[in-house]
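There are 2 protein chains.
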Amino acid sequence: MENFIIYNPTKLHFGDEVVENLGKETKSYGKKTLLLYGKGSVVRNGYYQQVVDQLNKSEIEIIEYAGIKSNPLISDVEAAAELGRKHQVDSIVALGGGSVIDSAKIVALCIPEALNAWAVMKYRVKTKEATPILAVLTLAATGTEMNGAAVVQNPETKEKIGHWNPLSYPKHSFLDPSFTATVPEDYTAYGVVDLIAHAFESYFGKGDSPLSDRFVVAVVEDAMEFGPKLLENLTDYDYRANIMLDATCALNGILSYGKAGGDWGVHSIGHTLSVLFDTPHGASLSIAYPAWMKLQKKNNPERLEKLAKQLFGSEDVDLLIQGMEEFFVKMKSPIRLNEIGIGDDKCEEFVELMIKNNVSGYNYQLSKENLREIVDFMK
Amino acid sequence: MENFIIYNPTKLHFGDEVVENLGKETKSYGKKTLLLYGKGSVVRNGYYQQVVDQLNKSEIEIIEYAGIKSNPLISDVEAAAELGRKHQVDSIVALGGGSVIDSAKIVALCIPEALNAWAVMKYRVKTKEATPILAVLTLAATGTEMNGAAVVQNPETKEKIGHWNPLSYPKHSFLDPSFTATVPEDYTAYGVVDLIAHAFESYFGKGDSPLSDRFVVAVVEDAMEFGPKLLENLTDYDYRANIMLDATCALNGILSYGKAGGDWGVHSIGHTLSVLFDTPHGASLSIAYPAWMKLQKKNNPERLEKLAKQLFGSEDVDLLIQGMEEFFVKMKSPIRLNEIGIGDDKCEEFVELMIKNNVSGYNYQLSKENLREIVDFMK
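Sequence lines, in order, name chains C and B. The working numbering applies: residue 41 is where the first sequence begins, and numbers increase by one. The working numbering applies: residue 41 is where the second sequence begins, and numbers increase by one.
Incorrect hints may appear among the rest.
All copies of an identical chain are treated as equivalent in the list; a pair is satisfied when it fits inside any one copy or across any two copies.
Using 27 Å as the maximum straight-line C-alpha spacing, the simulated BS3-like pairs for lysine-lysine come out as follows [as the list claims (entries may be wrong)]:
| hint | residue 1 | residue 2 |
| --- | --- | --- |
| 1 | K334 | K408 |
| 2 | K166 | K64 |
| 3 | K386 | K396 |
| 4 | K408 | K211 |
| 5 | K269 | K246 |
| 6 | K337 | K372 |
Treat the hints as calculated values from the structure; they're not laboratory data.
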């Protein structure tokens, strides 16, 4: 077992109508907040109004920044940070899914000292403080509500990268499963794929921690039980709650106790797909994970055999890969590039960009040849 | 699923030589600390000296209180609090197992406003602040290193009771598995029993949370895999590490996500055994849990059937009870009262004290008749 630290300062409020506590908690940081959200769906679905009502009730002055994209852009982060700085906000209320909350994390790091957002993302400047974040989650997927990670993309450099910062944990996160009830079928499915991929990234991280392995299996089994049920009944509160809790636990640290972090090679591959073809994150992962497993079956089968045994009762890696592919198909998430309109003619561009961006895992290194093989498995 | 909050402010340092960070972290709260420990074993085994060396290195002034008992007494808590108050300590370093750290938690609540310790335990006085606690754990069992709970007994009132307080989380806990390498076979086994019992208390708590059920099974399976291996090789670092992590996770909140707390009926029964006969906590639980399960098999079999299925692959509750009894026997922990010298002649006193102390669970109520039946199952 590796040495490790357990520390997670986020206070997470989970359940029916927990947003009622948002105003009071926001007020504790001061009277002016930057309300960050994405497209109009939170307005149409009434979540925006519920949040504004709670903030009004506590007499919070609201500065708004709307329009964060699904694959969040560094330009929006820059603009939101400038707005927040100009109005000297005391906090950020991030209403949305991973893209909005991730953006809020970088905005929060930029505001106090007027830092450049992409320089923050690339660790080129030192961050000393962050504006407090209160997150209201509307999509169960990334786990950003209870960790210090953020992913943002830069179209100019063709990079979609992650930034981790101990200052980036939301102070409070509010998870009402009802706030995810209007997520359409495809993005509901992508969220389930994403959380399972997070659990796998922990499983394939460096270090040997049998309890963490068991926790990974617990989260994946739960998601594989309730994901398909949820697709059949998108408004069921308990199914939404189970998947929402799975997503939080997949990336709030629990699954990496005793390990030196996750692998993250597959995410890195998926990010390249997204930056090139605007592929939804979850869809990129249901294509990339089976392909990556097929490569590792050949090169490093040991961990795959253990996972196969724990998830499917047999050490046969083919059963694991087949089982996951069948599950992704059941979730209507793509498992091959041609399903999302990416023909063989675009594969060279894909491989080249991965090579240029040094796509690899922390535990399982990926050579140029490996990346080519993985793309072949995606066809 | 029940509404719930995830919040755990303890920073837990886990692994080889983590105590090297103790001095620096203690210093962050001020230069004078109350060092609390139990019997001389920490001195004999060198842990005391390692802790003192680290505190000296950071020029911390140490006030000592030694002699906390295995079943910790309220009188020691009172005396330690008076000592800490007199010397105006800035922090408490608790070196030991559950008894020492639990005592430290009540001491910490008493010091700032000179509160009476038993009144604190019984929630008769309001607590507003607590002296910061830094825990150095020497026994994997109770999970106290990462929660707000403390159990102390009062021989005068013949009560052994728990107190939970959001102020009671240690600020830092240092878990070096090597610090548990000298725990003898019996207390090593009792620790494993205790952590499994904590996981079960969560399982039998109010609310339906499939992921938490799976996390419970993960912890119990891990402990059932590595507990017997550890008994065969008491100084193995990895076995010690696995069990230590199991014990922390059994009671740091993870297993109760989505539930309204645990049941705690069996712990309440066990505490009565300890207060009457000075039975080690773990030993009381390996006797009490099978007996409680035999009662519930008759009255409320549903959850037991699910646990049997998840742990032993069949809904047959008898298999579950038999499996747990066999495991406890393998761990050389008692499963009947006569194994610890309690004859039938003492059972009436036992039942009477449970009735007097209103022993029951939060989820599964226990009538007087139920308590009698449970004791019959213990014979």
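So, going through the hints one by one against the coordinates:
no. : hint           : result
1   : K334 with K408 : within (16 Å within a copy, 61 Å between copies)
2   : K166 with K64  : between (32 Å within a copy, 23 Å between copies)
3   : K386 with K396 : within (16 Å within a copy, 77 Å between copies)
4   : K408 with K211 : neither (41 Å within a copy, 46 Å between copies)
5   : K269 with K246 : between (33 Å within a copy, 24 Å between copies)
6   : K337 with K372 : within (25 Å within a copy, 42 Å between copies)
Of the hints listed earlier, the one the structure fails to meet is number 4.
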